[in-house]
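Participant: What follows is each chain in one-letter form.
4 protein chains.
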Amino acid sequence: MSEFKPQMTVAEIEAFLDREFPQIHDGGRCFFVDSVAPGEASLRLRTAERHLRPGGTVSGPTLFTLADLVAYVAILAHIGPVALAVTTNLSINFLRKPEPGDLIGHCRILKLGRSLVVVEVTIRADGHPAAVAHAVATYSIPPRRNAVS
Amino acid sequence: MSEFKPQMTVAEIEAFLDREFPQIHDGGRCFFVDSVAPGEASLRLRTAERHLRPGGTVSGPTLFTLADLVAYVAILAHIGPVALAVTTNLSINFLRKPEPGDLIGHCRILKLGRSLVVVEVTIRADGHPAAVAHAVATYSIPPRRNAVS
Amino acid sequence: MSEFKPQMTVAEIEAFLDREFPQIHDGGRCFFVDSVAPGEASLRLRTAERHLRPGGTVSGPTLFTLADLVAYVAILAHIGPVALAVTTNLSINFLRKPEPGDLIGHCRILKLGRSLVVVEVTIRADGHPAAVAHAVATYSIPPRRNAVS
Amino acid sequence: MSEFKPQMTVAEIEAFLDREFPQIHDGGRCFFVDSVAPGEASLRLRTAERHLRPGGTVSGPTLFTLADLVAYVAILAHIGPVALAVTTNLSINFLRKPEPGDLIGHCRILKLGRSLVVVEVTIRADGHPAAVAHAVATYSIPPRRNAVS
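Sequence order for the protein chains is A, B, C and D. With my numbering applied, the first sequence corresponds to residues 622 to 770, in that order. With my numbering applied, the second sequence corresponds to residues 622 to 770, in that order. With my numbering applied, the third sequence corresponds to residues 622 to 770, in that order. With my numbering applied, the fourth sequence corresponds to residues 622 to 770, in that order.
Because the hints were derived from the structure by calculation, they are not lab data. Just to be clear, a hint being listed does not mean it is correct.
Where chains are identical, the list cannot tell them apart; a pair therefore holds if satisfied intra-copy or between any two copies.
To be verified - List time: in silico SDA-like cross-link candidates among lysine to any residue, alpha-carbon distance up to 25 Å:
| no. | residue 1 | residue 2 |
| --- | --- | --- |
| 1 | Lys-732 | Pro-764 |
| 2 | Lys-732 | Gly-648 |
| 3 | Lys-626 | Arg-671 |
| 4 | Lys-732 | Pro-627 |
| 5 | Lys-626 | Arg-667 |
| 6 | Lys-626 | Pro-721 |
| 7 | Lys-732 | Thr-678 |
| 8 | Lys-626 | Thr-708 |
| 9 | Lys-718 | Gln-628 |
| 10 | Lys-732 | Ser-761 |
| 11 | Lys-626 | Gly-677 |
| 12 | Lys-732 | Gly-677 |
| 13 | Lys-718 | Phe-625 |
| 14 | Lys-732 | Thr-708 |
| 15 | Lys-626 | Thr-743 |
| 16 | Lys-732 | Gly-649 |
| 17 | Lys-718 | Pro-682 |
| 18 | Lys-718 | Ala-746 |
| 19 | Lys-626 | Thr-678 |
| 20 | Lys-732 | Arg-665 |
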């Protein structure tokens, strides 16, 4: 869709996250921006012990965090390092129990409005076609897009 | 995804809907099954005056009905004419004001479990790439799949 | 909650709906504003044949319409007859099969922001405590609140 | 609502959580069951540094975790320490930026079916009436309710 045009590269996004959200790397770096494309972004989570729950599958809060973060990355890529997008709603369906390993969150922008952005996110285990979780989220963009840095 | 294999053709689905849900054609036939494919189905709505709201755009209840019906068609196509799927949750995002004309609801099955089915639906104006609405819905499949007819 | 203060009476709201949304009465008057209170509103639906589906229970689109309309009434009551609120998301859970009769939709405003309003709606059969459906919805308020009338 | 009758006391629930989900206390005990009542439960989160995000407000994943956990507590209280409820969907609206301190998640059961439970959760800062977040979630109860312990 030609309405979407990324404003930042993968390297620029990772540098921005490292500077503005260092806490996503608490306990060891585990999130990696895989790709950015028009209207899309992918984020990889390399799961560690702290992401698991009893039984050894990846926890719900971890999947929530991956969905929210890849959505944030997709929006950041398309509107640039401006006033931060704020999550207003996130609805997540848990479809299958995800095993530890690499999980890929893939975000697709459904609507990029001036004040609201709506996205969908599909989470899969790397190399497997079946979704383990699917989310739809809405983000509010503050009225003035002042540069953060 | 090889896990999905339709059990009914477009003609069989339309015959089933005509017999079991004649009321969807109240006021004149407007819903047409466009296609069925592994894990997917498309339903066309030819909007009439009764689907519009002040201002002349397609009403929210109409978009809800299209999303719910194409999901029902997709599930029916994959599990056959058995005990009816029941909508347990439907979350719909309204993205753009849809003009009257042909709307296409496209459903993709995210999970086809024994008792729960999760789907996503994208609604577009025929021939336009931008989604006007997007829905995620969950359906409950009654325990015993007795044939309805 | 003292943050909420209705700006319109039940009679004013009904007059506004009759003038601006006469089509909600198509097929015969069936929606009645029961009450308005700080942060709340109730709408009664007297179901008719056209609201039922095979099996004789109230249809999903009817419950969606009731949820959306009582939310609209609650917002209208609190911000006045200004630029119309637009539904951006509505997520509805269907909890029990509702029998025909009087259904009461009760809306509670969760957040009344300048540009976004979030509400929850509980639908019950009149006189019964158990909810038949529950919805959460978000409405966008256009930037300039010009009077509609 | 007389359909709801708790099967476990606050002390029994806390003992069960300590035994089965010790990881919720990783980094220091912060979750406390406040109360259980017919159809309801309340859980207190005493926020620590690890629950905050840049700017000093409570993070989205923390609110998600509180919503999910109080729902789990409410369901556990009403069906007993049996085969574990599994989150199938959680939809959360973020309403206000929550300051650090004690947050109370209050869960109300909307439907307690044999295989599906639907709940709503309101999160407030202790002592403040305004909700900071609101969630609706669906849990699947495995077919056989074998005792876990």
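Participant: Would you mind marking each hint as holding or not holding in the structure?
Facilitator: The hints, checked one at a time:
{"no.": "1", "hint": "Lys-732 - Pro-764", "verdict": "both (17 Å within a copy, 18 Å between copies)"}
{"no.": "2", "hint": "Lys-732 - Gly-648", "verdict": "neither (34 Å within a copy, 33 Å between copies)"}
{"no.": "3", "hint": "Lys-626 - Arg-671", "verdict": "neither (36 Å within a copy, 35 Å between copies)"}
{"no.": "4", "hint": "Lys-732 - Pro-627", "verdict": "within (14 Å within a copy, 31 Å between copies)"}
{"no.": "5", "hint": "Lys-626 - Arg-667", "verdict": "neither (28 Å within a copy, 33 Å between copies)"}
{"no.": "6", "hint": "Lys-626 - Pro-721", "verdict": "neither (33 Å within a copy, 29 Å between copies)"}
{"no.": "7", "hint": "Lys-732 - Thr-678", "verdict": "between (33 Å within a copy, 18 Å between copies)"}
{"no.": "8", "hint": "Lys-626 - Thr-708", "verdict": "within (22 Å within a copy, 27 Å between copies)"}
{"no.": "9", "hint": "Lys-718 - Gln-628", "verdict": "neither (35 Å within a copy, 27 Å between copies)"}
{"no.": "10", "hint": "Lys-732 - Ser-761", "verdict": "both (12 Å within a copy, 14 Å between copies)"}
{"no.": "11", "hint": "Lys-626 - Gly-677", "verdict": "neither (39 Å within a copy, 32 Å between copies)"}
{"no.": "12", "hint": "Lys-732 - Gly-677", "verdict": "between (36 Å within a copy, 22 Å between copies)"}
{"no.": "13", "hint": "Lys-718 - Phe-625", "verdict": "between (33 Å within a copy, 19 Å between copies)"}
{"no.": "14", "hint": "Lys-732 - Thr-708", "verdict": "both (14 Å within a copy, 15 Å between copies)"}
{"no.": "15", "hint": "Lys-626 - Thr-743", "verdict": "both (21 Å within a copy, 22 Å between copies)"}
{"no.": "16", "hint": "Lys-732 - Gly-649", "verdict": "neither (33 Å within a copy, 33 Å between copies)"}
{"no.": "17", "hint": "Lys-718 - Pro-682", "verdict": "both (13 Å within a copy, 19 Å between copies)"}
{"no.": "18", "hint": "Lys-718 - Ala-746", "verdict": "within (10 Å within a copy, 33 Å between copies)"}
{"no.": "19", "hint": "Lys-626 - Thr-678", "verdict": "neither (36 Å within a copy, 29 Å between copies)"}
{"no.": "20", "hint": "Lys-732 - Arg-665", "verdict": "both (23 Å within a copy, 22 Å between copies)"}
Figure legend: structure checked against the earlier numbered hints; hints not met, in rising order: 2, 3, 5, 6, 9, 11, 16, 19.
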